[in-house]
Amino acid sequence: MVLLTLYRNSLLILGVIGIAGCATVEDKPGITDVQAMTQSRGIQTIQWNRATDTDSQVQTAIRTMLEDGLTVEEAIQIALLNNRDLRSTYESLRISQAELVQAGMPKNPVIDGSVRFVSSGGGQILDLGIATDFLDILFIPVRKRLAEQEFEKTKRQVAGQVLDLATRVRTTFYKLQAAKQILEIQKKFLLSYEAAYDLSRRLRAAGNITLSQTARDQAALEETKLALNTLETEVIGFKEELNVLMGLYGSSTVWETEQTLPELPGVTFDPQALVSQALQQSLDLQIARRNIETAAIRLGITQPMGILSELEVGATAEREADGLWSVGPTLAVPIPIISQGQPVLAKAESELHQALNTYYSTAVRIRAVVRTLYAQLQAARSRTTHLQEVILPLKQLIVEESQKQFNAMQLSAFDLLQAKNDELLTQLQQVQALRDYWIAYSRLQLALSGRLVQTEQTSTNSFTTPTSTTNGGH
Amino acid sequence: MWKSLISRRNALAGGIALIGGTFWGTNNPSLASPVNARPYPWGGSGAAGANPNHDPNPLPPGEPGRDYNPTRTPNGSTLSYHLVENVKVMHLIAEEVEHEFAPGLKARCWGYNGQVHGPTIEAVEGDRVRIYVTNRLPAPTTVHWHGLIIPSGMDGVGGLSQRSIQPGETFKYEFTLRQHGTFMYHSHHDEMTQMAMGLMGMFIIHPRGVPQQERPDRDFVLLSSEWKIIPGTYRPDPNEMTDFNVLTFNARAFPGTDPLVCRRGDKVRIRLGNLSMMSHHSIHLHGYHFYITQTDGGPIPESAQWPETTVIVPTGSTRTIQFVADNPGDWAMHCHMLHHVMNQMGHGLPNVLGINPDGLDNKVRKLLPNYMTMGQTGMADMGSMGMTVPQNSIPMIGADGPKDYITMGGMFTILKVRENLPPGQTSDPGWYQDPPGSVAQPASTEDLRRDGIRPPTSNNSLQSHHH
Ligand SMILES: [Cu+2]
Chain A
1 MVLLTLYRNS
11 LLILGVIGIA
21 GCATVEDKPG
31 ITDVQAMTQS
41 RGIQTIQWNR
51 ATDTDSQVQT
61 AIRTMLEDGL
71 TVEEAIQIAL
81 LNNRDLRSTY
91 ESLRISQAEL
101 VQAGMPKNPV
111 IDGSVRFVSS
121 GGGQILDLGI
131 ATDFLDILFI
141 PVRKRLAEQE
151 FEKTKRQVAG
161 QVLDLATRVR
171 TTFYKLQAAK
181 QILEIQKKFL
191 LSYEAAYDLS
201 RRLRAAGNIT
211 LSQTARDQAA
221 LEETKLALNT
231 LETEVIGFKE
241 ELNVLMGLYG
251 SSTVWETEQT
261 LPELPGVTFD
271 PQALVSQALQ
281 QSLDLQIARR
291 NIETAAIRLG
301 ITQPMGILSE
311 LEVGATAERE
321 ADGLWSVGPT
331 LAVPIPIISQ
341 GQPVLAKAES
351 ELHQALNTYY
361 STAVRIRAVV
371 RTLYAQLQAA
381 RSRTTHLQEV
391 ILPLKQLIVE
401 ESQKQFNAMQ
411 LSAFDLLQAK
421 NDELLTQLQQ
431 VQALRDYWIA
441 YSRLQLALSG
451 RLVQTEQTST
461 NSFTTPTSTT
471 NGGH
Chain B
1 MWKSLISRRN
11 ALAGGIALIG
21 GTFWGTNNPS
31 LASPVNARPY
41 PWGGSGAAGA
51 NPNHDPNPLP
61 PGEPGRDYNP
71 TRTPNGSTLS
81 YHLVENVKVM
91 HLIAEEVEHE
101 FAPGLKARCW
111 GYNGQVHGPT
121 IEAVEGDRVR
131 IYVTNRLPAP
141 TTVHWHGLII
151 PSGMDGVGGL
161 SQRSIQPGET
171 FKYEFTLRQH
181 GTFMYHSHHD
191 EMTQMAMGLM
201 GMFIIHPRGV
211 PQQERPDRDF
221 VLLSSEWKII
231 PGTYRPDPNE
241 MTDFNVLTFN
251 ARAFPGTDPL
261 VCRRGDKVRI
271 RLGNLSMMSH
281 HSIHLHGYHF
291 YITQTDGGPI
301 PESAQWPETT
311 VIVPTGSTRT
321 IQFVADNPGD
331 WAMHCHMLHH
341 VMNQMGHGLP
351 NVLGINPDGL
361 DNKVRKLLPN
371 YMTMGQTGMA
381 DMGSMGMTVP
391 QNSIPMIGAD
401 GPKDYITMGG
411 MFTILKVREN
421 LPPGQTSDPG
431 WYQDPPGSVA
441 QPASTEDLRR
451 DGIRPPTSNN
461 SLQSHHH
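Sequence lines, in order, name chains A and B. For what it's worth, my numbering labels the leading residue of the first sequence as 1, then goes sequentially. For what it's worth, my numbering labels the leading residue of the second sequence as 1, then goes sequentially.
A hint or two may mislead.
Calculated pairs, BS3-like style, for lysine-lysine (alpha carbon to alpha carbon, straight line, at most 30 Å) [unchecked claim]: (1) B:LYS363 - A:LYS395; (2) A:LYS395 - A:LYS188; (3) A:LYS188 - A:LYS239; (4) B:LYS403 - B:LYS106; (5) A:LYS395 - B:LYS106; (6) A:LYS187 - B:LYS366; (7) A:LYS395 - A:LYS225; (8) B:LYS106 - A:LYS187; (9) A:LYS188 - B:LYS366; (10) B:LYS106 - B:LYS228; (11) B:LYS366 - A:LYS225; (12) A:LYS187 - A:LYS395; (13) B:LYS366 - A:LYS239; (14) A:LYS187 - A:LYS225; (15) A:LYS395 - B:LYS228; (16) A:LYS188 - B:LYS363; (17) B:LYS363 - A:LYS225; (18) A:LYS225 - A:LYS239; (19) A:LYS225 - A:LYS188; (20) A:LYS187 - A:LYS239; (21) B:LYS366 - A:LYS395.
From the structure, some residues in chain B lie toward chain A, with a derived Cβ separation under 7 Å [stated by the list, open to error]: (22) VAL157; (23) LEU160; (24) LYS172; (25) LEU349; (26) PRO350; (27) ASN356; (28) LEU360; (29) LYS363; (30) VAL364; (31) SER393; (32) PRO395; (33) ILE406; (34) GLN433.
A partial selection of chain A residues facing chain B, derived with a Cβ cut-off under 7 Å [as the list claims (entries may be wrong)]: (35) GLY69; (36) THR71; (37) LEU191; (38) SER192; (39) LEU203; (40) ARG204.
Hints in this document: simulated from the structure, not taken from any laboratory. For glycine and all other residues, C-beta sits at the position ideal for the given N, C-alpha and C.
Start from the sequences and build out the full structure, keeping to the hints where you can.
Dropping the structure here:
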């Protein structure tokens, strides 16, 4: 019965023989496609260095970029050139292509007759237990179509990892810049507490204040030193994380970043277009679609695109409200060519449904992630703006007026320094808000490039405020 | 030379016995010859059996020049009146006033007739006065005539004597003056707020029938009060209880106080009233002895007067001092409670006196570029350093004097006695020209050598004490 069914598709057999003859394993297969995918998603160039001769050129380029202040784009460039994990990811293209070539060749008769196609989901079908060369030849076109799907998936997975790496470099770079800025502000806190303690010691030397007052001022200073210490460690941590991402070691780890975070950009995202852009660009959805195709091929559906064109339309934001989405999972599967009613078939059918469901759930998640990231971005933007344009000028005004009140002997030097501390605290919060903005920005960019990011709380409140925010008890 | 001055009026219509004893002290106490007088041995209203609530028959209105020499209220004015059927009619309008305490310090206060404090009311014993009070404040008010013996219903205590005057209302007070002396008037409704905001003035009643030669040539009126005005604010804080930072004569703080100008030989009377929220004042006059001749209870018998250089004026009281201005010069007159001669001084600061500031400023300036350590040798330089201070504030500021900076503020004014001053001149004659050799000078080397004075060469000896 199986045989009869397969024979019916004589066109398939002719196709198999035709393809099998010209397949070879390339040196850097699929990289051009990956390049096209990443280029359209904001990554200028990627390079797959397999030979050692290009390595020296690469190292020269990296050294040049490290020499003066490192920019975020340069750091990304270095990571894309030099990150060994990414290079090993590129190798999976070659592995995948090799499998594709293998799929087009008749199986070695000696080998066990079962035909296994290992999909990303780990499923195996067509384990028909009919181990003959003849049958194997019949299955070549199917195997090849399946391997093609795998190769396409691999390209998108590799492209996704390129984007992931660039985003990780970007966010870590911003965290490093922010940590360094916060460290500089903390040094000013230290100056302030040093001045307060200095004054306190002089007052004590003149016989004007008690020992406990001076001790309180010294304790505040010592606590500030601890906070500085914590921040210095944090800067080192982010720098080492970047060294890992950029694949740097030895003398090449001596580099400095551009000093400060970029200002808030004037351009803003159009929230209406965000979701549809993320869906249209989505590598994750494309991979999910390949999984549907794979399942359909295994089930013997000749025109899986018939289902998928419908799905793709459904995946866009414009059609979200009209209810198409809800009918998707109950979509009727066309009659399969292999209809022996066996458990194998039932399993294959379920896997198609699984693939469909995954497609839908991925699309739903993309929508939610984009909306969440956009909300985080907007919150960080308005927080930064408010700190910068409203709160900081107020704190500066308070310092100015406190200076006048100090001049008029209405406020003590301790009160004046405290006003300055309050201003420094706002500066610090502003750096944190700007950092959160750029992290949300990077993650949203990644989502819009078609790569699903797990949302997380972007505000990693790294700064340790001195435990004593007031100067003693003066 | 200047004998005692006794009011010749033994009785007013209504049977009031009045015996005023006044004595012209000079800086030569040997000239004093006080006369015994015991006007009210047991105290009382002085009504001598008559009911003060009864309407006494007033005398014809007293006239300035004929019946009295008008007083002068430095930085202030005297309330005008007009006569209606022999009654002196006056009008006080209580209202918000933007008042200047000294150049650089203004505040929104409450006063009368556009000024703070209100104008001095001046009348003559036996006058009938009718005083209209219009309330243009946002709150009800009253006027109490402090020290006057008048019918109970005219006493101006809100709720007790009368219904308070609502915003927009005009009340009429009318009574006959049956005493002479130095009195005051002030709000007696929500005094905490209304007196802290300045609603007060002086009320002078001259004795009748004093011959010209026995009247003072210069008769000054000074009302003391105290305020809380935080530097950089524009309204007195009526909630303050103890930390008053602006102390005033006639609502002016030095250098905003006009001098008391006299000609050598003038008989001078200074009437000091005190309506401070919480303070008494020890008013000290340089260059003179004086006699305290009156309180707001009446004249002090000459036998009870003694020479003084300082008079304490309790809050709610008046004291009148007299002397002959026979010692030319520029003489300080000020409260001797020293925080009362500071302007807007801050308290609650750490004591920085005596600290070593070397290197501290540079350290702090990394954060605060305009920082400068102050006060390590005292506060004397504060006014003259010209540092930026909050808008509308005169912290610790004094004024340039003829020889150096005057490090005083608040209740500080200058009595200027001049040899040749046109009679009647009240305007500032400028600084005193000292006779040669009469000003303290740096000691010359010859002087030091002659007198065997060897000053230490440096102040290192002072510092070595610490070690
Ligand atoms: Cu005083």
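A quick look at each hint next to the structure:
Note on LYS363 (chain B) and LYS395 (chain A): the hinted pairing holds, with a Cα-Cα distance of about 21 Å set against a maximum of 30 Å. In summary, the hint linking LYS395 (chain A) to LYS188 (chain A) is supported, as the alpha carbons are separated by about 16 Å, within the 30 Å threshold. With a C-alpha separation of about 22 Å, the suggested pairing of LYS188 (chain A) with LYS239 (chain A) holds against the 30 Å cut-off. Distance hint between LYS403 (chain B) and LYS106 (chain B) is fulfilled; the C-alpha atoms sit about 28 Å from each other, no more than 30 Å.
A hinted pair counts as satisfied when its Cα atoms are at most 30 Å apart, and LYS395 (chain A) with LYS106 (chain B) qualifies at roughly 27 Å. Restraint check for LYS187 (chain A) and LYS366 (chain B): the C-alpha separation of about 11 Å stays at or below 30 Å, so the hint holds. Note on LYS395 (chain A) and LYS225 (chain A): the hinted pairing holds, with a Cα-Cα distance of about 24 Å set against a maximum of 30 Å. Taken as a hint, the LYS106 (chain B) and LYS187 (chain A) pair is broken in the structure, with Cα atoms around 42 Å apart against an allowance of 30 Å.
Pair hint LYS188 (chain A) plus LYS366 (chain B) holds up; C-alpha atoms about 9 Å apart against a cutoff of 30 Å. Taken as a hint, the LYS106 (chain B) and LYS228 (chain B) pair is honoured in the structure, with Cα atoms around 12 Å apart against an allowance of 30 Å. For the given pair, LYS366 (chain B) sits about 18 Å from LYS225 (chain A) by alpha-carbon distance, which is consistent with the 30 Å threshold. For the given pair, LYS187 (chain A) sits about 19 Å from LYS395 (chain A) by alpha-carbon distance, which is consistent with the 30 Å threshold.
For a cut-off of 30 Å, the pair hint linking LYS366 (chain B) to LYS239 (chain A) stands: about 29 Å separates their Cα positions. For the proposed pair LYS187 (chain A) and LYS225 (chain A), the alpha carbon gap of about 9 Å is at most 30 Å, so the pair holds. Annotation: proposed proximity of LYS395 (chain A) to LYS228 (chain B) holds, straight-line Cα distance about 27 Å (limit 30 Å). Simply put, LYS188 (chain A) and LYS363 (chain B) have alpha-carbon atoms about 11 Å apart, close enough for the 30 Å limit, and the pair holds.
With a C-alpha separation of about 17 Å, the suggested pairing of LYS363 (chain B) with LYS225 (chain A) holds against the 30 Å cut-off. Distance check on the hinted pair: LYS225 (chain A) and LYS239 (chain A) sit about 21 Å apart at the alpha-carbon level, within 30 Å; holds. Taken as a hint, the LYS225 (chain A) and LYS188 (chain A) pair is honoured in the structure, with Cα atoms around 11 Å apart against an allowance of 30 Å. A C-alpha spacing of about 19 Å is found between LYS187 (chain A) and LYS239 (chain A), which places the hinted pair at or below 30 Å, so the restraint holds.
The hinted pair formed by LYS366 (chain B) and LYS395 (chain A) meets the criterion: a straight-line CA distance of about 18 Å does not exceed 30 Å. The interface hint given for VAL157 (chain B) is violated, since its Cβ lies 38 Å from the closest Cβ of chain A, which is over the 7 Å cut-off. Taking 7 Å as the C-beta cut-off, the interface hint given for LEU160 (chain B) is violated, the closest approach to chain A being about 40 Å. At a threshold of 7 Å, the smallest CB-CB gap from LYS172 (chain B) to chain A is about 46 Å, leaving the interface hint violated.
Checking LEU349 (chain B) against chain A by beta carbon gives a least distance of about 5 Å; that is within 7 Å, so the hint holds. The interface hint given for PRO350 (chain B) is met, as the beta carbon of that residue sits about 5 Å from the closest beta carbon of chain A, less than 7 Å. A cut of 7 Å between beta carbons decides the hint on ASN356 (chain B): the least distance to chain A is about 6 Å, and the hint holds. Look at LEU360 (chain B): its Cβ gets to within about 6 Å of chain A, closer than 7 Å, so that hint holds up.
Against a cut-off of 7 Å between C-beta atoms, the interface hint on LYS363 (chain B) holds, since the closest Cβ of chain A lies about 5 Å away. Hint status for VAL364 (chain B): holds, given a least beta-carbon distance of 5 Å to chain A, under 7 Å. Given the 7 Å rule on beta carbons, the hint for SER393 (chain B) holds: about 6 Å separates it from the nearest Cβ of chain A. A cut of 7 Å between beta carbons decides the hint on PRO395 (chain B): the least distance to chain A is about 4 Å, and the hint holds.
The interface hint given for ILE406 (chain B) is broken, as the beta carbon of that residue sits about 18 Å from the closest beta carbon of chain A, more than 7 Å. Checking GLN433 (chain B) against chain A by beta carbon gives a least distance of about 35 Å; that is not within 7 Å, so the hint is violated. For GLY69 (chain A), the suggested interface contact is broken, since its CB lies about 25 Å from the closest CB of chain B, more than 7 Å. With its C-beta approaching chain B no nearer than about 30 Å, THR71 (chain A) sits outside the 7 Å limit, and its interface hint is violated.
Taking 7 Å as the C-beta contact cut-off toward chain B, the hint placing LEU191 (chain A) at the interface holds, the least distance being around 6 Å. With a least beta-carbon distance of about 6 Å to chain B, the hint placing SER192 (chain A) at the interface is held under the 7 Å criterion. Taking 7 Å as the C-beta cut-off, the interface hint given for LEU203 (chain A) holds, the closest approach to chain B being about 6 Å. Look at ARG204 (chain A): its Cβ only gets to about 9 Å from chain B, farther than 7 Å, so that hint breaks.
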